[in-house]
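Engineer: Each chain is listed here by its residues.
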Amino acid sequence: MSDAKATPGPTQGAMIELQAVHKWYGDFHVLRDINLQVQKGEKVVVCGPSGSGKSTMIRCVNRLEEHQQGRIVVAGIELNADMKNIEAIRREVGMVFQQFNLFPHLTVLQNLTLAPIWVRKLPKKEAEETARYYLERVRIPDQADKYPGQLSGGQQQRVAIARSLCMKPEIMLFDEPTSALAPEMIKEVLDVMIGLAEDGMTMVCVTHEMGFARTVADMMVFMDRGEVIERAPPKDFFANPKNERTRTFLSQILTH
Amino acid sequence: MASDEAALTLAPARPAPWRDPKLRAIAYQIVFVAAVVGAVGFLVHNMLGNISRQNIATGFGFLRKEAAFGIGESLIPYSPADTYGRAFLVGLSNTLYVAALGIVLATILGTVMGLARLSGNWLVAKLAQIYVETFRNIPLLLQLFFWWGLLNTAAPAPRQAWQVLPDVFVSNRGIAYPVPVASPAYKWMALAVVVALALLVPLRRWAAARQAATGRQFPRGWAGLGIVLGLPLIVFVAFGAPFALSVPSLHGFNFSGGSAVSPEFAALLLGLVIYSGTFIAEIVRAGILAVSWGQSEAAMALGLKSGQRMRLVVLPQALRVIVPPLTSQYLSLTKNSSLAVAIGFPDLVSIANTTMNQTGQAIEGIAMIMAVYLFISLSISLAMNLYNRAVALVER
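Protein chains in written order, with my numbering: chain X, 25 to 280; chain P, 318 to 713.
Honestly, the hints are just simulated from the structure, not real lab data.
Quick caveat: nothing in here was measured; it's all calculated off a predicted structure.
Mixed in with the good hints, there may be bad ones.
When the alpha-carbon atoms are kept at most 20 Å apart in a straight line, the in silico SDA-like pairs for lysine to any residue are as follows [said to hold, decoys possible]:
| hint | chain 1 | residue 1 | chain 2 | residue 2 |
| --- | --- | --- | --- | --- |
| 1 | X | LYS149 | P | PHE692 |
| 2 | P | LYS382 | P | GLN625 |
| 3 | X | LYS148 | P | GLN625 |
| 4 | X | LYS148 | X | SER176 |
| 5 | X | LYS149 | P | LYS652 |
| 6 | X | LYS149 | P | GLY677 |
| 7 | P | LYS652 | P | GLY677 |
| 8 | X | LYS64 | X | LYS170 |
Reference listing, derived: stretches of chain P covered by chain X, where coverage requires no fewer than 3 residues with Cβ under 8 Å from a Cβ of chain X [as the list claims (entries may be wrong)]:
| hint | segment |
| --- | --- |
| 9 | 380 to 386 |
| 10 | 527 to 539 |
Which residues of chain P face chain X? A few of them, derived with a C-beta cut under 7 Å, are [unchecked claim]:
| hint | residue |
| --- | --- |
| 11 | ALA607 |
| 12 | GLY611 |
| 13 | SER613 |
| 14 | GLU614 |
| 15 | ALA615 |
| 16 | VAL630 |
| 17 | GLN675 |
Even glycine gets a Cβ: it sits at the ideal position worked out from N, Cα and C.
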């Protein structure tokens, strides 16, 4: 298994490819010349100080943010203003948010079946079967008929993960999935994500959970001030970071 | 063992009655009720004394007497020979008519303007903002005078009437417009519309069931529209398409033929709709903005299209914010329709006013107006509260 991790299929082409991507908010240059390739089945963990552009970068991958320069290709589809392309990419890319963003007016089961029914056009029964399967996977099969407001933060985030998985995506994006959680709930969410990684999902995670990164990541990416400063396999990344800024950042988050 | 028993019955010592908050609260309430009863009793006693001293009749017997005044427009047949009671019904029907029409139109205008203010199109958003900020901040009474003045004095005499659309004439006698000549087919067409609307329910159910079973979506909106328009059309054609327009044309000093709304009714409806529409626009805008952007982002990330995002995710959550203030707005609109008295539209208040002037029975008249508005308002409230309960959010 570790062999497979080290050599992600090079022949299949990149699942995500960013070439010379730039983005500005007004005068503020948020993303500067980002180049990144994620192969099928590869797990990339993105870290960096807040405001470094890591969330903005992964939000560009499914067009929640628009890039102004450069080229982004996701699952073989060129990402541009073409609505058809955007819709096609969003069908293949799942996203988990820091604030869960479950739909509070729908039950857990309805949250999970909404997109499969309306976007994938699945029969309700089939969508519900898939939903129950993934609820089982995230270990909350008995909460199907509750509303999000009735669940704990950790349970809500696991429902959010299951909701994305129900669309059977090729790629999962995680935008600080544990940052809004109480400490005792972080593990249950990370365990689900580790399980997902073991099944070979292509994943890009923005997170500060370095233990998780060591276990799961094939590649660490460190960003600061809108730039990718360093990228390396986790072993090298943690053992001997090359860049001064990476060292400072790691010493700040790993000292306690 | 004695101490055991004591422990079981142990209770905090009761304070002296005047320092016990519960007893105090009861005492205050007794005093308050006594004061209210006393004040009301004094006023009623005074009133009865004054009435009998001035020989004013009491009771509702006047409702059966002949009204002997004309009413400009009426939904139900009425002549001055009819009773005050019937005149009152005319006023009530006019009020209900203008309020119901006003609520429907103001909701449509308000929703459109509220969405327009949220539009990404700068011009559309600005125009909607100008509409809202202008008409929200001018007193309704002034607006009614304005519209009435515009229609009644600024508009030309019928001879020089403005033809705003083919065969639609605006003059100081009101707005005259063509209507189809009555034919037996129209009754059946109206019935066809009712049947078509009734068919929408099973259609909706069938579409939902089919989607649940096979995943195939059904264009419910278009199909529904097709049925509602198509069925009457079939009836129309089956009757040999009997279609003749009665067109308004100038005869002497006014239009005859077609139909017309009075300047008073038009001004009242216009004023109520435009004024209430501004508030409804803000209510709709606030409701949609109250749904966090994260909800839209999650829906986008799942691949839902913008229409689906609105319909399945944003609106259901916005509604629970929109409905309570919208209820207040409906109540305001209904009650504001009583300003009709200022521009001479024979609404409930206007007719009750005339009645009170002629009979002198102001207390009964005012009591009836109050009871009617209370009843209308509570009915709207009840309906909207039931609806609100249906869209409420389950939390915890």
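Engineer: Evaluate each hint against the coordinates.
Structural biologist: Hints, one by one, checked against the model:
At most 20 Å may separate the alpha-carbon atoms for a hinted pair to count; LYS149(X) and PHE692(P) exceed this at roughly 47 Å. Using a Cα cut-off of 20 Å, the hinted pair LYS382(P) and GLN625(P) is violated, with the two alpha carbons roughly 60 Å apart. About 17 Å separates the Cα atoms of LYS148(X) and GLN625(P), which keeps this hinted pair within 20 Å; it holds. For the suggested pair LYS148(X) and SER176(X), the alpha carbons sit about 27 Å apart, so the restraint of at most 20 Å is broken.
Of the pairs offered as hints, the one joining LYS149(X) and LYS652(P) is violated, with about 50 Å between alpha carbons and a cut-off of 20 Å exceeded. Restraint check for LYS149(X) and GLY677(P): the C-alpha separation of about 71 Å exceeds 20 Å, so the hint is violated. A threshold of 20 Å between alpha carbons decides the hint, and for LYS652(P) with GLY677(P) the separation of about 24 Å lies outside it, so the pair is violated. For the given pair, LYS64(X) sits about 35 Å from LYS170(X) by alpha-carbon distance, which is inconsistent with the 20 Å threshold.
With 0 residues having a beta carbon nearer than 8 Å to a beta carbon of chain X, the segment 380 to 386 of chain P misses the requirement of three or more and the stated coverage is violated. Under the rule that three or more residues need a Cβ within less than 8 Å of chain X, the assignment of the segment 527 to 539 of chain P holds, with 7 such residues. Hint on ALA607(P) is violated. Least Cβ distance to chain X is approximately 12 Å, over the 7 Å limit. The closest approach between the C-beta of GLY611(P) and any C-beta of chain X is roughly 4 Å, which is under the 7 Å cut-off, so the hint is satisfied.
Hint status for SER613(P) relative to chain X: violated, with the closest Cβ pair at about 9 Å, above 7 Å. For GLU614(P), the interface hint holds, the least distance from its beta-carbon to any beta-carbon of chain X being 6 Å, beneath 7 Å. The beta carbon of ALA615(P) comes within 4 Å of a beta carbon in chain X, closer than 7 Å, and the hint placing it at the interface holds. This hint holds: VAL630(P) has a C-beta 6 Å from the nearest C-beta of chain X, less than the 7 Å allowed.
For GLN675(P), the shortest C-beta to C-beta distance to chain X is roughly 56 Å, which exceeds 7 Å, and the interface hint is violated.
The structure does not agree with the numbered hints 1, 2, 4, 5, 6, 7, 8, 9, 11, 13, 17 stated previously, though it agrees with the rest.
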